[in-house]
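Spelled out, the chains give:
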Amino acid sequence: MLSRTADHLYWLARYIERAENTARMLDVTHRMSLVPNAAQSEAALWRPPVMIAGDLAAFEGEYGRYNAASVLRYMALDENNPSSIVSNLGRARENARAVRVSMSSEMWENVNALWLELRQRIRQGIGEGALSEFCDWVKSMSHLFRGVTYGTMLRDDGYRFLRLGTFIERADNTARLLDVKYHLLLPSPDDVGGAVDYYEWSALLRSVSAFEAYQKAFHDTIEPWKIAELLVLHSNMPRSLHACFDEITPILEKLCAARGWECLRQAGELHARLHYGRMEDIFQGGLHEFLQDFIAHNNALGAEIQRTFLNAPPH
Amino acid sequence: MNTQRQPMFDEMHGADAEIRAVYRDYAGWLANSPLDYLQQKSREAEWLFRRVGITFNVYGEEDGAERLIPFDVIPRILSHGEWQRLAAGAVQRVRALNAFLHDIYHGQEIIQAGIVPATLLTNEMYRPEMQGVDVPGGIYAHIAGIDLVRTGEDQFYVLEDNLRTPSGVSYMLENRKMMMRLFPELFRRYSVAPVEHYPQVLLNNLRAVAPPGVPDPTVVLLTPGAYNSAYFEHAFLAQQMGVDLVEGQDLFIKDNAVFMRTTEGNKRVDVIYRRVDDDFLDPLAFRADSMLGVPGLVSVYRNGGVTLANAIGTGVADDKATYTYVPDMVRFYLGEEPILANVPTYKLADNDDRRYVLEHLEELVVKEVQGSGGYGMLVGPTSSREQVAEFRQRILANPDNYIAQSTLALSACPTLVEQGVAPRHVDLRPFVLSGNTVSLVPGALSRVALREGSLVVNSSQGGGTKDTWVLNEVQPC
Numbered sequence: 001m002l003s004r005t006a007d008h009l010y011w012l013a014r015y016i017e018r019a020e021n022t023a024r025m026l027d028v029t030h031r032m033s034l035v036p037n038a039a040q041s042e043a044a045l046w047r048p049p050v051m052i053a054g055d056l057a058a059f060e061g062e063y064g065r066y067n068a069a070s071v072l073r074y075m076a077l078d079e080n081n082p083s084s085i086v087s088n089l090g091r092a093r094e095n096a097r098a099v100r101v102s103m104s105s106e107m108w109e110n111v112n113a114l115w116l117e118l119r120q121r122i123r124q125g126i127g128e129g130a131l132s133e134f135c136d137w138v139k140s141m142s143h144l145f146r147g148v149t150y151g152t153m154l155r156d157d158g159y160r161f162l163r164l165g166t167f168i169e170r171a172d173n174t175a176r177l178l179d180v181k182y183h184l185l186l187p188s189p190d191d192v193g194g195a196v197d198y199y200e201w202s203a204l205l206r207s208v209s210a211f212e213a214y215q216k217a218f219h220d221t222i223e224p225w226k227i228a229e230l231l232v233l234h235s236n237m238p239r240s241l242h243a244c245f246d247e248i249t250p251i252l253e254k255l256c257a258a259r260g261w262e263c264l265r266q267a268g269e270l271h272a273r274l275h276y277g278r279m280e281d282i283f284q285g286g287l288h289e290f291l292q293d294f295i296a297h298n299n300a301l302g303a304e305i306q307r308t309f310l311n312a313p314p315h
Numbered sequence: 001m002n003t004q005r006q007p008m009f010d011e012m013h014g015a016d017a018e019i020r021a022v023y024r025d026y027a028g029w030l031a032n033s034p035l036d037y038l039q040q041k042s043r044e045a046e047w048l049f050r051r052v053g054i055t056f057n058v059y060g061e062e063d064g065a066e067r068l069i070p071f072d073v074i075p076r077i078l079s080h081g082e083w084q085r086l087a088a089g090a091v092q093r094v095r096a097l098n099a100f101l102h103d104i105y106h107g108q109e110i111i112q113a114g115i116v117p118a119t120l121l122t123n124e125m126y127r128p129e130m131q132g133v134d135v136p137g138g139i140y141a142h143i144a145g146i147d148l149v150r151t152g153e154d155q156f157y158v159l160e161d162n163l164r165t166p167s168g169v170s171y172m173l174e175n176r177k178m179m180m181r182l183f184p185e186l187f188r189r190y191s192v193a194p195v196e197h198y199p200q201v202l203l204n205n206l207r208a209v210a211p212p213g214v215p216d217p218t219v220v221l222l223t224p225g226a227y228n229s230a231y232f233e234h235a236f237l238a239q240q241m242g243v244d245l246v247e248g249q250d251l252f253i254k255d256n257a258v259f260m261r262t263t264e265g266n267k268r269v270d271v272i273y274r275r276v277d278d279d280f281l282d283p284l285a286f287r288a289d290s291m292l293g294v295p296g297l298v299s300v301y302r303n304g305g306v307t308l309a310n311a312i313g314t315g316v317a318d319d320k321a322t323y324t325y326v327p328d329m330v331r332f333y334l335g336e337e338p339i340l341a342n343v344p345t346y347k348l349a350d351n352d353d354r355r356y357v358l359e360h361l362e363e364l365v366v367k368e369v370q371g372s373g374g375y376g377m378l379v380g381p382t383s384s385r386e387q388v389a390e391f392r393q394r395i396l397a398n399p400d401n402y403i404a405q406s407t408l409a410l411s412a413c414p415t416l417v418e419q420g421v422a423p424r425h426v427d428l429r430p431f432v433l434s435g436n437t438v439s440l441v442p443g444a445l446s447r448v449a450l451r452e453g454s455l456v457v458n459s460s461q462g463g464g465t466k467d468t469w470v471l472n473e474v475q476p477c
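Those sequence lines, one after another, are chains B and W. Each residue of the first sequence is one higher than the one before, starting from 1 at the first, in full-length UniProt numbering. Each residue of the second sequence is one higher than the one before, starting from 1 at the first, in full-length UniProt numbering.
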């Protein structure tokens, strides 16, 4: 298929996935802020979402203080913030529009309707009271888009690039979320063995739709290291790093039949670490170090995919 | 020439207010349909068009502004007999125009025969690059939009031939789909000839004009991109034909051939249905500042390495000065009498015509020979004294650039407007396809001027569209 078309489909999926993940993070932060006697200050609570998106400097320059209202506005509605939900969905729609020919008409209508409704919602304004509803809506539209894609799109290379975008983006988001939240929620070293706030850890799990999965997998109280294990190594947990690479690797095997062995090598290497890795070893070397390294390699894989399949050479 | 304003012909009620046979059944249905029912259908249509993204982009408005072309839920209906005559006339005209284009870029016999003046070659749409170039099948205008107006029961006139990148066919197809969705009961009652096979006819024709020796040609549709006003149509047609929708940046030239960049490497392209104007096709041949085209494309094209539809240089045959000679072309190339008449037209380059026109500016329509989209024209009867005076100066400064036509009383068709159902002026654009054969599907785009009394039907100036029904000969009772 046309490289430009593949590029638009790949990024369409990434932007939708990114919007969904931002909505998940905002929602969980918001819920945590409602717990009485939360250990942290409002600023400490609202800084992580911005940090996960990698936007600290931009936010502080524009908004100054971290509080519920400013972070919500910045992360959900600010069109000047390239990682806001609005920006991501706007770009998703632009990409979809450029390649509406290469999707099923249901997919296009889904993205277009999403965008039209988003503009409607922005006009009406989204206050803090409506935040959860808004985040639920973003999540459900993303679910719907994936469902429509899965149910209607021809299983051609376009489908593969779209799915590839979804899982590269999701792996990145899960790794960032875990990296920031894990250390934020972990009690200080002096305090090991102290009470870990059940509510906050369960909120983290809920943000990746993993709360019920955790209960089923471990039949145990909520322990931070088990949460890390679930989100890194468990292949049957759909938003885990391992599950993402279970999807990515076979897609690349199909695509690389024609070209681009280096993509497959990089993906295979990452996949093997997740497939054969042990949590003890990961903790030994440091979870933070592991996740940072993973994010860097996942980014490099994304760049290699871009270079191999998607970029039109300069003209 | 009679410049008297004639009474307006009403498509439904005819000249004598007696409902015309072709409308009889529909008029009964319409009379029994409450206004709020029609309005509700109209809102439903708008919502659906918006959802599907059937929009056009408006230049000069805020970035990404997308508008709906207003859609009218009351169809325009043509009888089988009316259509047969129009279709035969449009096919005849396109055959003559293709013969003219071939001739003008080869022996120029029509000029030697003294039928059209050599000054036509000073037209800036004439492309010297095409002189002596042979195109597959001798076909230049693969897709032609012939604009027609009606002034009476049997009086149809060709207003304009569109031979460059005519648009609007997606509305013909989407309007039909919409009508079948909104009013299925009407389609059960009426036998409306289908138009849905248009993209297949187009694809067959495009494949038929591939460079010789290509057994399984690759066809693509070249668009200027998502911000072009007709982008929806480009995407729609590419999707319906199952071909790639490409932009200039997706194509490149190698070894005297055109290739597109794909995820599996480079793929050869044989036929390009281009919706990019000549000027922007190739920065090496035409406008150097254009980013929309493909450097080197014209050279490959001239060597027969790729087919462009429509051909480069078709504009020489569709400007308003050339238009006046089309009936003569029909006689010269085909040896036939023209089935469809031109609107009587004055050439301002001609001394007698110019004298007459300058004396009667208030009664006439004056157009720039290369104007389009309703821009650059004077509608005498509805213009101010200042506008008329200004046009007089423009004509005197550059008479070759203008033609004038009598104001015609365009027919009107019942249309749903704010106040209810009222007559509004319509025109008709059927699309003629040339490949192995010259043909059209039985339908057309009907454009409607929504403002009362307005004759301007262009979508860029607020006109709307309606579905056009061509009835099959035998209607069920």
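Just so you know, not all the hints are guaranteed correct.
[Claimed, not checked] Not the full set, but computed from the structure, chain W residues with beta-carbon under 8 Å of chain B:
1. G53
2. I69
3. P70
4. A238
5. D244
6. V246
7. I253
8. K254
9. A257
10. E264
Simulated from the structure, these hints should not be mistaken for lab results. Think of the CB as a built atom: it goes at the ideal place given N, C-alpha and C, for glycine as much as any other residue.
Problem - Hint check against the structure, violated hint numbers in rising order - result: Of the numbered hints given earlier, those the structure breaks are 2, 3, 7, 8, 9, listed in rising order.
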